[in-house]
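Sequences and hints are given; from them, build the entire structure.
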Amino acid sequence: MMSSLGQPQSVLLLGGSSEIGLAIVDRYLAAGALRVVLAGRPSDRLTAAAERLATAGATVEVLPFDATELRSHGELVTRAFAGGDIDVAVLAFGVLGDQATAERELALAMEVVQTNYAAAVSVGLLVSQAMRAQGHGALVVLSSVAGERPRRSNFLYGSTKAGLDAFATGLGDSLLGSGVHVLVVRPGFVRGRMTEHLEPAPLSTTPEAVAVAVLAALRSQKQTVWVPGSLRFVMSALRHLPRPLFRRLPL
Amino acid sequence: MSDRRLLAGWGRTSPTSARLLPVGTAEDVSLAVQAAGPRGLVARGLGRSYGDAAQDAGGVVLDMTTLCRVHSFDHETGVVEADAGLSLHALMGMSLHEGWFVPVTPGTRFVTLGGAVAADIHGKNHHVDGSFGQHVLELSLVTADGGERRLSPADDLFWATVGGMGLTGVVTRVRLQLRAVETSRVTVDTERAADLDDVMDRMVRGDADYTYSVAWVDLLARGRATGRGVLTRGRHSRRDELPASADPLSFAPRASLRVPPIVPGGLLRRSTVAAFNEVWFRKAPRAARGQVQGLAGFFHPLDGVAGWNNVYGPRGFVQYQLVVPEKGVDAVRTAVTLLSAARTPSFLTVLKRFGPGNRGPLSFPMAGWTLALDLPTGVPGLAAVLDRLDELVLAAGGRVYLAKDARLPREHLPAMYPRLPEWRAVRDRVDPHHVFTSDLSRRLSL
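Those protein sequence lines, which keep their order, are chains A and B. Be aware that the first sequence starts at 1152, since it is given in the numbering used here, and climbs by one per residue. Be aware that the second sequence starts at 31, since it is given in the numbering used here, and climbs by one per residue.
Note that these hints are calculated values from the structure, not bench results. In this text the structure is predicted, and so the values were computed from the model without any measurement. We put the CB at the ideal spot given by N, CA and C, even for glycine. Certain hints may be false.
Claimed, not checked - Pair by pair, the computed Cβ-Cβ distance ranges are:
(1) A:1372 <-> B:310: 29 to 35 angstroms
(2) B:252 <-> A:1226: 54 to 60 angstroms
(3) B:372 <-> A:1401: 47 to 53 angstroms
(4) A:1196 <-> B:254: 56 to 62 angstroms
(5) A:1205 <-> B:440: 18 to 24 angstroms
(6) B:454 <-> A:1372: 33 to 39 angstroms
(7) A:1372 <-> B:123: 35 to 41 angstroms
(8) B:368 <-> A:1304: 52 to 58 angstroms
(9) A:1393 <-> B:252: 55 to 61 angstroms
(10) A:1206 <-> B:335: 47 to 53 angstroms
(11) A:1401 <-> B:418: 49 to 55 angstroms
If you want it as structure tokens, here you go:
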């Protein structure tokens, strides 16, 4: 159960080696005892994350999870909730995909769509049903500012995040009064593994900063959080720029 | 699932959803218990527990307030038998003009008899009269098998139920010994105390002379005034202390104010609480003796403001109540110094000396000192401050009050309640599959 001061007893991380997801787990673990379920594609990184969390005192369970295998999601979510209530679930899997390659190779484009949108909808619905049944829980969905207005250089990724953002926002509204809280997180450029080959954009942030913002937003029952917070106003302005002008921006 | 309701404690933190089922008879309770699903069931009275004791996420919550008949009331002996959903407010309304007052009352009249048993509530008279369970002559309990049992203080299940947070079964009836009073007034002495040592010293020296004793402490006072406070102590007024024309047993309290359900957060911040505390301290007489007050004003000042918990805004507040044994008294001093230094804006900080505890393995009171705080959840660093208080309380051999808790880490429970195994043995005998479940029991693995 979530404590009155917003400390959970269990966290499910979907995308078990996600840097932002693990940063969220780390912060909760620093504040109290925690049961962690890491669901992710088996890898050295996932194993290392599980070992590190266990050493830090967490009770860790690892579940193999391939987001693109939509048919496996039902069983995965059942297993994730089998060990007891899940207080916070973080939907943190996703791929960036190289825009130029994806425009040429349909398979790559569809993989980005499958992972970032279709799989997220599938797992998001299953987790929200399980939380509705247990009568409480928080679902954190990692969206992106890239979904706010698609850019020429990154519109495939942007379009999947736009879809995910719309889905999660609507899901949150549909769950009002059910005891289940959906938080949509819109980070800007996050400096990390996913973006190490890219030049940081203005107002870039870090996984740790996103985690801090997520914890604060969950505590105060917010439904949307921008990281950094100033992006909300920047994007609000960008959203209203005329298209010919927006296209010419070096974004 | 459309019949689900969001339920929270009085502190309004951590709401969860459950099916809320009103019950009118013990048979209703029995049927509901037998039909309880995998998420279990718990009884809920008037929802005055601050934390998560009367909610059961995904399960069934019985609304007991519709089970509220009075079955018998003996005007000669003051013994009353009533359904568990009856409130102390309704009970007083009936009994007081016959010269009978409840044996123990908390800071609000709006608690049910069943809740009073389950939390084994205490009041300002704990140092002389003990807690609520000690005045219960018999009670009826619907257990996990659906049967209704009659229990007396000779049964270990009786004492597992007193303070058992509703986890041994559903209390359906209570037979209670009331206290004889000549009037519905209290004769009160008020004193200001310059600092915490002064407050405690006056309590140690004078409490035995009073039926009721409590001190309000200013947690935002600093330096030499750290822990300054106002003691209010009293006893029931005698008939001859009232003017001849007065109706000695009149009782007609009214809620004159109402806080709307939507108040912006942050109204209670350090500056406003500090200002309130200053006024509260200054307005108290340096020393006043023999002031005659109404019962409601003395015992239940906040009942005059309906929905006062809304003042804390949408994020709610937490209560933290600790008790430490006499030998651990330094923990109270350390706690006050710590809270003072952290500038935590608690405005209803109450200090009291408890008398001995009772046989209930999960009953909260023990001989020593109890300190209760209420704090807006938004205070920066609050979680860490309360974690440190836990450590202090543990080191001093004390505990926190489960009826107010919604944050205690579960690993602290066995040390705070050393008789937990004894309680579990009784509970597991009558409810092996843990039909009776609440968010509190789930959070603490009770």
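Against the structure, the hints come out as follows:
1. A:1372 <-> B:310: 29 to 35 angstroms: holds, 31 angstroms
2. B:252 <-> A:1226: 54 to 60 angstroms: Check passed, 59 angstroms falls within 54 to 60 angstroms.
3. B:372 <-> A:1401: 47 to 53 angstroms: holds, 48 angstroms
4. A:1196 <-> B:254: 56 to 62 angstroms: The hint (56 to 62 angstroms, Cβ to Cβ) holds, given that residue 1196 of chain A and residue 254 of chain B are roughly 57 angstroms apart.
5. A:1205 <-> B:440: 18 to 24 angstroms: holds, 19 angstroms
6. B:454 <-> A:1372: 33 to 39 angstroms: holds, 35 angstroms
7. A:1372 <-> B:123: 35 to 41 angstroms: holds, 38 angstroms
8. B:368 <-> A:1304: 52 to 58 angstroms: Cβ of residue 368 of chain B to Cβ of residue 1304 of chain A: about 54 angstroms, so the range 52 to 58 angstroms holds.
9. A:1393 <-> B:252: 55 to 61 angstroms: This hint holds: roughly 58 angstroms between Cβ atoms.
10. A:1206 <-> B:335: 47 to 53 angstroms: holds, 51 angstroms
11. A:1401 <-> B:418: 49 to 55 angstroms: At roughly 51 angstroms between Cβ atoms, residue 418 of chain B and residue 1401 of chain A fall inside 49 to 55 angstroms, so the hint holds.
Violated hints: none; the structure is consistent with every hint.
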